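Sequence lines, in order, name chains A and B. At position 117 of the first sequence the residue is numbered 117 (the working numbering), and the sequence of numbers has no breaks. Numbers in the working numbering are just positions in the second sequence, counted from 1, shifted up by 150.
The hints are simulated quantities; they were obtained by calculation from the structure and are not laboratory data. Careful, some of the hints might be misleading.
Unchecked claim - Simulated coverage check for chain A against chain B, where a stretch passes if three residues somewhere in it have a Cβ under 8 Å from a Cβ of chain B:
1) 8 to 21
2) 49 to 56
3) 72 to 83
Quantities reported herein were computed from a predicted structural model and do not represent experimental measurements. Ideal Cβ positions, reconstructed from N, Cα and C, are used throughout, including at glycine.
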Amino acid sequence: MKNNLVSFLCGLLFAIGLGISGMTDANKVFNFLNFTGDWDPSLAFVMVGAIGIHLISFRLITQRNSPILSPAFILPVRKDVDRPLLGGAVIFGLGWGLGGFCPGPAIVSAAGLSLKPVLFTLSMVAGMALYRLSRRGQNQETMQSIDTCG
Amino acid sequence: MSESIINALLGGALIGLSASFVLLFSGRVAGISNILGGLISKTPPAVSWRSSFLLGLLAGGAVLHFTIPKVLQDPINSSTGVLVIAGILVGFGTQMSHGCTSGHGVCGLSRLSKRSLAATLAFMITGAASATALAIITGVNS
């Protein structure tokens, strides 16, 4: 129960961060990715700010034996760069540049109930489901792999 | 421009902080594509954790909508048809790649992960390519 409340608050904080940073402004994203136009590089600093905080805290936090409200850390174990990783990133990037939304900002913007982000988010869910369906009958992913990302 | 940079840094810091709390309390990676995508698997793991975080994202969106709505802007250069295709690509691609701007870009790079570096470079490059192509096709730059 406490875990869920904390998770909710983390989502709330994440959304506020996305909003303030400019990531939910799809035109700003477009002007960042389209460097041939009126280029606005400021969104590059979103990652600077985020990694600036998280790089250090990751090291400190993972020195603990366990998280505060969970029995164990669930972190990615794979280190190899393979075709699905790169191919998927290429496909994701293409969609991001065309639509101006990546997953977090899409969901946050959809809460405002404007048609475009809602449509994008529903399409995104469909795309996710499509990938899952395409994997049926292949080597099933381990639970570990489904449960975390990286 | 400098106000934009300050907002980007501040917002980014809040994102990094949120990801750090997720790690500290739940022991998990704050990758949005996986938090949502994990719910769409045959036996979804940690359903209540995932749902709570997503509800938090939506609640945050509602807060933004009622307080600083100007930060939520629809893409003027993308038609609804393009958006549907874009959404499908983002959904499909993030599952295949096992992460997105938060999972690979923020959390993965913070972990100094080579996988995430490769993925981040790939989606940044193709993101720039497709945005530029769209701009040229729709005549935005002229």
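Checking C-beta pairs, does the region 49 to 56 of chain A have three or more residues closer than 8 Å to chain B? holds (count 7)
Count the residues of the region 8 to 21 of chain A with a beta-carbon closer than 8 Å to any beta-carbon of chain B: does the count reach three? Result for this restraint: holds, n = 14.
Are 3 or more residues of the region 72 to 83 of chain A near chain B, judged by a Cβ distance of less than 8 Å? n = 9 at 8 Å, threshold three: holds.
The earlier numbered hints are all upheld by this structure, with none contradicted.
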